Amino acid sequence: MKGSVERDYSREFAALAEVLERTGGDAAALRNPRIASLVVHQNRVLGLNALPGIAMDVDPLPDGIRAHVEVRSGVVIPDPVHLCFGVLPKEGVQRILSTFRIGEGASVQFLAHCSFPNAEKVQHIMEAELEIGEGATMAYTEVHYHGPYGGTEVLPKARIRVHRNGRYLSEFKLIQGRVGLLSLDYTVHLGEGAVTELVSKVYGKGEDRIAIREALHLEGPYARGLVKSRIVLQDRAQAEFTGEALGIGPYSRGHIDCTEILRGTEARASAVPKLIVVDERAKLTHEAAIGSIDRKILETLMARGLPEEEAVEVVVRGLLR
Amino acid sequence: MAELLRIEDLVVEREGRAILRGVDLAVAEGEIHAILGANGTGKSTLAYAIMGLSGYKPTRGRIFFAGEDITEKSVTERARLGITLAWQQPASFEGLTVREYLEIARRSGRDCPAVEECLALVGLPPTSYLGRTLNDRLSGGERKRVELAAVLAMSPRLAILDEPDSGIDVLSLEDIMDVIRRMNRRGTTVLLITHRDEFARAAHRASHLCGGRILKTGECEEVVRFYKSFCKECTHINEPELEKVGKDEGKR
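Sequence lines, in order, name chains A and B. Taking this note's numbering, I'd label the letters of the first sequence as residues 1 to 321. Taking this note's numbering, I'd label the letters of the second sequence as residues 1001 to 1252.
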């Protein structure tokens, strides 16, 4: 299926748009012919709008889709490209196999919304290969909306290559509803002067299980990368964060920054940094803070009149924003 | 003037060591009262104990606010009575904007000025700062000004300002003092904690704290003179040679 304006105002489309709207997204963008978008329910493409300079080829699979997105060299896409994925029934599988090619000097931002509002046994699998050309910029924000049942398995895996002086900025957010099971695995390979920032924000509740592995391979000279993870856990939720940085390129810089907040006594968190310096001129650093919210932060808000529980909410909201 | 804050025989220990060793202090409503003392004398501990912070619970003594014994009250309860604290080194907040922080302060106050006005008063242009987050990207001086703005936004009855002059460039000190005077004119009693005598001179009255005791309370000039002469000659480190100043000095 080639990129062209195809509209399907099915109930699924409306339902996904409604969830998107409810979670702070802009559903009108999905119907705006001037904004590139792709809407997929399970393995059905409900809407696809490509624009000059950006091609989106989508083929259905038995349990999902295969998508190839390409932005031509030098093209700057002014508005964010909206991607909307979801499974509305209680059970189902959605596999997204995707490749992204961002041409030299191009610039594009993607806003991906993943909605599983009724999931009791749903798998969302993403396998992505991304290539960011020389001097190109790609920003990818993925926001999840899950229902209250904890029945979603989210398995995103991405290999990203950022060429010379390219930029890749990614934010993954799963803070609404129950996580269920999350196993996120991203590796970014950075060429000379390339820059990346990987941010993940997750709120685990109930019996949620969270595993995040984000790795920077700083291969070129002066490559720079930041991995930043913010995880809040309550009830019996558990999380393990692994941040890796490999300093191969001379003068490359990598930083791993993980904060995990535990609310209550039964949640469990761990952070594992792995820093490997291959070139002595590379510099890698990490910081991790795990535990309850710093008392001084809470008491600062309490000294302004907030009760302690409300102060905790304010801090958590800020951290996951 | 009526008494707003009264502290009687306050003892606070930290890790088994007495930091405050029987503090007696009375602060009148409407005054700027400086607590003057060298580093490590217990000034911040006194501020935290008045605010009721965890880890600073008195082992002896009482704290009264507007006649009410608040010794057992929580931080929030004290804040809602009209007490607040500006930290010497304010906390960072990820994701919380300056506007949101000031609005939180405003919610629990009475007749509070608009957040824009509070920021402008501390010399931070609202258009540039309201949308910024209270994270490490604000300089120490900027963060301290936001802290003062939060106190202004709350319009409290008692503001405890813990070294508002530290981390502020010398040229801005007079501006900060102007803010404190303005806060005071609006009806806030100020407990001004400082180790700079030139800053303390702007207060109406002062007390000299040394070794966890108030050694002298009185007019600013008198206390500043005492502080400068006594501390310069004194050979102890936070162990006041009380015989030099008279046994009852600490109770004045």
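Hints are computed from structural coordinates only; laboratory data are not their basis. Keep in mind the model is a prediction, meaning the values are calculated, not measured. Keep in mind that a hint or two might mislead.
[What the hints assert, rightly or not] When the alpha-carbon atoms are kept at most 27 Å apart in a straight line, the in silico DSS-like pairs for lysine-lysine are as follows:
| hint | chain 1 | residue 1 | chain 2 | residue 2 |
| --- | --- | --- | --- | --- |
| 1 | A | Lys90 | A | Lys201 |
| 2 | A | Lys296 | A | Lys157 |
| 3 | A | Lys296 | B | Lys1073 |
| 4 | A | Lys228 | A | Lys173 |
| 5 | A | Lys201 | A | Lys296 |
| 6 | A | Lys296 | B | Lys1057 |
[Claimed, not checked] Restraint-style ranges between C-beta atoms, simulated for each label pair:
| hint | chain 1 | residue 1 | chain 2 | residue 2 | range |
| --- | --- | --- | --- | --- | --- |
| 7 | A | Asp294 | B | Arg1185 | 40 to 50 Å |
| 8 | A | Ser292 | B | Arg1182 | 29 to 39 Å |
| 9 | A | Glu310 | B | Arg1185 | 24 to 34 Å |
| 10 | B | Asp1111 | A | Val272 | 48 to 58 Å |
| 11 | B | Arg1182 | A | Glu18 | 49 to 59 Å |
[Stated by the list, open to error] Output of the computed footprint for chain A on chain B, the stretches with three or more beta carbons under 8 Å from beta carbons of chain A:
| hint | region |
| --- | --- |
| 12 | 1042-1055 |
| 13 | 1067-1077 |
| 14 | 1103-1109 |
Think of the CB as a built atom: it goes at the ideal place given N, C-alpha and C, for glycine as much as any other residue.
We went through each hint and held it up to the structure:
1. A:Lys90 - A:Lys201: 25 Å, holds
2. A:Lys296 - A:Lys157: Violated, at about 38 Å.
3. A:Lys296 - B:Lys1073: Holds, because 17 Å separates the two Cα atoms, which is no more than 27 Å.
4. A:Lys228 - A:Lys173: 12 Å, holds
5. A:Lys201 - A:Lys296: Measuring from Cα to Cα gives roughly 23 Å; hence the hint holds.
6. A:Lys296 - B:Lys1057: With Cα atoms ~15 Å apart, Lys296 of chain A and Lys1057 of chain B stay inside 27 Å; holds.
7. A:Asp294 - B:Arg1185: 40 to 50 Å: 35 Å, violated
8. A:Ser292 - B:Arg1182: 29 to 39 Å: 38 Å, holds
9. A:Glu310 - B:Arg1185: 24 to 34 Å: 31 Å, holds
10. B:Asp1111 - A:Val272: 48 to 58 Å: Cβ of Asp1111 of chain B to Cβ of Val272 of chain A: about 52 Å, so the range 48 to 58 Å holds.
11. B:Arg1182 - A:Glu18: 49 to 59 Å: 51 Å, holds
12. 1042-1055: The restraint on the region 1042-1055 of chain B holds, since 4 of its residues have a Cβ under 8 Å from chain A and three suffice.
13. 1067-1077: holds (count 3)
14. 1103-1109: As far as the region 1103-1109 of chain B goes, the hint holds, because 5 residues have Cβ atoms under 8 Å from chain A.
Hints 2 and 7, counting from the list given before, are not met by this structure.
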